[in-house]
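So the sequences go chain by chain: A and B.
Position one of the first sequence corresponds to residue 1 (our numbering), numbered consecutively onward.
Position one of the second sequence corresponds to residue 1 (our numbering), numbered consecutively onward.
Treat the hints with caution; some may be incorrect.
Stated by the list, open to error - The calculated label-pair distances, taken between Cβ atoms and stated as ranges, are:
hint, chain 1, residue 1, chain 2, residue 2, range
1, B, Ile183, A, Pro444, 33 to 43 Å
2, B, Asp137, A, Thr411, 34 to 44 Å
3, A, Thr411, B, Tyr209, 31 to 41 Å
4, A, Pro444, B, Asp182, 28 to 38 Å
5, A, Asp82, B, Asp116, 49 to 59 Å
6, B, Tyr215, A, Ser416, 27 to 37 Å
Said to hold, decoys possible - With a straight-line Cα cutoff of 25 Å, these simulated SDA-like cross-link-like pairs (lysine to any residue) come out:
hint, chain 1, residue 1, chain 2, residue 2
7, B, Lys217, B, Ala134
8, B, Lys55, A, Thr429
9, B, Lys187, B, Glu124
10, A, Lys346, B, Gly150
11, B, Lys231, B, Asn201
12, B, Lys121, A, Arg459
13, B, Lys121, A, Lys346
14, A, Lys312, A, Gly227
FYI, nobody ran anything at the bench for these hints, they're computed from the structure.
Glycine residues also receive a C-beta, built at the ideal position from the N, C-alpha and C atoms.
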Amino acid sequence: MAREEIKNMKIDFSKYDFKDPEKYSYKSSKGINEDIVRKISEMKNEPDWMKEFRIKSYRIFEKKPMPTWGEKWLLDQIDFNDIYYYVKPTDTKVRSWDEVPEYIKNTFDRLGIPEAERKYLAGITAQYESEVVYHSIKSQWESKGVIFTDMDTAVREYPEIVKRYFGTVVPPNDNKFAALNSAVWSGGSFIYVPKGVTVEIPLQAYFRINTQNMGQFERTLIIADEGASVHYIEGCTAPMYSSNSLHAAVVEIIAFKGAYVRYTTIQNWSKNIYNLVTKRAFAYEEAKVEWVDGNLGSKLTMKYPAVYMLGKGAQAEILSIALAGAGQVQDAGAKVIHAAPYTTSKITNKSISLSSGKTIYRGLVKIMKGSVGSKNHTSCNALLIDEESVSDTIPHIDINEDKVSLGHEATAGRISEEQLFYLMSRGLTEHEALVTIVNGFIEPFVKALPLEYAVELNRLIELELEDAVDTGARKVKY
Amino acid sequence: MESFFRVVNLKASIDGNLILKGLSLEVNRGEIHGIMGPNGSGKTTFSNVIMGNPKYEVVGGDILFKGESILDMSTDERAKRGIFLAFQYSEEVPGVSFMNFLRLAYNSVNSYRYSDFVPPKPLEFRNLVKSKMALLDMDDSFFNRYLNEGFSGGERKRAEILQMLLLDPELVIMDETDSGLDIDALKVVSRGVMEFKNERNSFVVITHYSRILKYIKPDFVHVMIDGRIVKTGDHTLADRIEDNGYDWILKEVSYGV
């Protein structure tokens, strides 16, 4: 991305830190119990099977212990009784932009969604708090049988397909936060692409949290039938609040034989949000699943996009970046499970720590017995902007088959003062030089993004680094 | 009259070791000065200190550029005011597009120098770069590469000179630009330099060998030994060093080694 283009964009920094007056048609009381779970299901007019699924999940949530690994001290600060589990901003869903209530529209205007759609988007599902308020999909995809809707609608309108796959990739008993999501989920996207259909343009959704102490528990299910192809993009920005919020999403992807799914996320939750997300995909024979995952905001992120390669020749690619600034922990990584012969996976992780932030790459490469000819390549690079920042690499490798090939490379290093000097000797300020180096560092990730996301990401990084320079966290003085 | 570039009794150290031990030099507008010296004499330290590399500490003396001390100026301010260092070893910066970097640098220095500067459109700028690249026998493939990444020795030196041509400095420090260049590449690089050279800009050409000074003819040649300029002469001094090495100078100045 050309820098002057970025500069000329007139970054409105306040856009990441604004909030609307709260307006609701329904807001549950704080905390969670079985009655609230029932109430959520009733409010949504759900069928009994979903209500039962929620209640069963809630009971699992109650019993499941918190994870005992990772940044446990941070996790233990979550007060499940101090969170709203369901907020419904408006009563009716609308399909045309003109019908979206003004205050919500303002929010999206500031995020640039309408322009985005005008340009090239096939469809938008924008989640404002818990309910999807705006949804559209270009008719050309609808005529080919592509379903792109919010999850609540999908439960009502496509019960046979939802019931069959919902919770099969990430079952409620997978972990405490998956159980919580299964009990109180609201919103999220549902995508079904029929056999042999290629959706050429990315499908896209935006998410925002606006209510203080409000949890966001969206649930996404993507099914690409045999030979189908789809790229889904999810963007998240949230306004700042002083007390903690919880984001515990579940994303399930099923790529049938020969299908291709790419899931791209750039998330920039405000820095008091717990971002605890379970993302998992099943890839059947010759299918390919790609996770492109960028984590900038949040107080604590724990997210390890996973691909289970269940059929011969399945492929996985997980490309992620994490940026941790002051008070932030980005515990992110990837999991690949090779459960069939000749499956291949590639993991590329880039992390940036500054102003005493901490990044952790946590990864699992598992090759099951019988998965002959499988290959994995993992590459992790950590960049530290100043002396106080921290980075850890925790790779787990579990190999149960001999005829496989594995490659792993990991580097961690402080930003090169010689590179900075070189760039500054050409007239770049220290901040410009830092931004240039960091954007170069994440270039392999940025290249995988649509242009608008690349621009937004570069801008966010520029903003973060400005703080690092201004607060004097860096010791070397030019 | 205030001199253009003046180094006064400069002392600088790295990691507590004194490298420059009282170096003085005066360069007027339009002049080319060659600085020769054996390995370890402090040539690269000198070029880095002029550019403000924070690795080095200035412990005495001063550097004046157009009458002002530059010691308290940041590296980028020195660049913006018109000082350019062609590095002996330029840094690779992975993932940073060569073209975007050139544009960024070009816009940075020019918006500092000219209040009415309007950044050129991408295509205009591309054409500007292409015209400079032609002088250096560089082809379009550079547009698609990352900054210095995987560049051969000769490509790096050309890339440095290309940056010089674009940034239009008034004072150019060349640090061993001839090292690692074959004779054809050296001719190309020198041609680029001489094309750029005029009565407004000055050059300090730091080198171990005299051969670059055959193509970039110096008005003065200085010999640097152990962090000081110990002898100054005209271009014939370079020839004598090529023929006889540095030992005779050491004897002549009876510099205690």
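Could you check the structure against the hints above and give me the numbers of any it violates, in ascending order?
Violated: hints 9 and 13.
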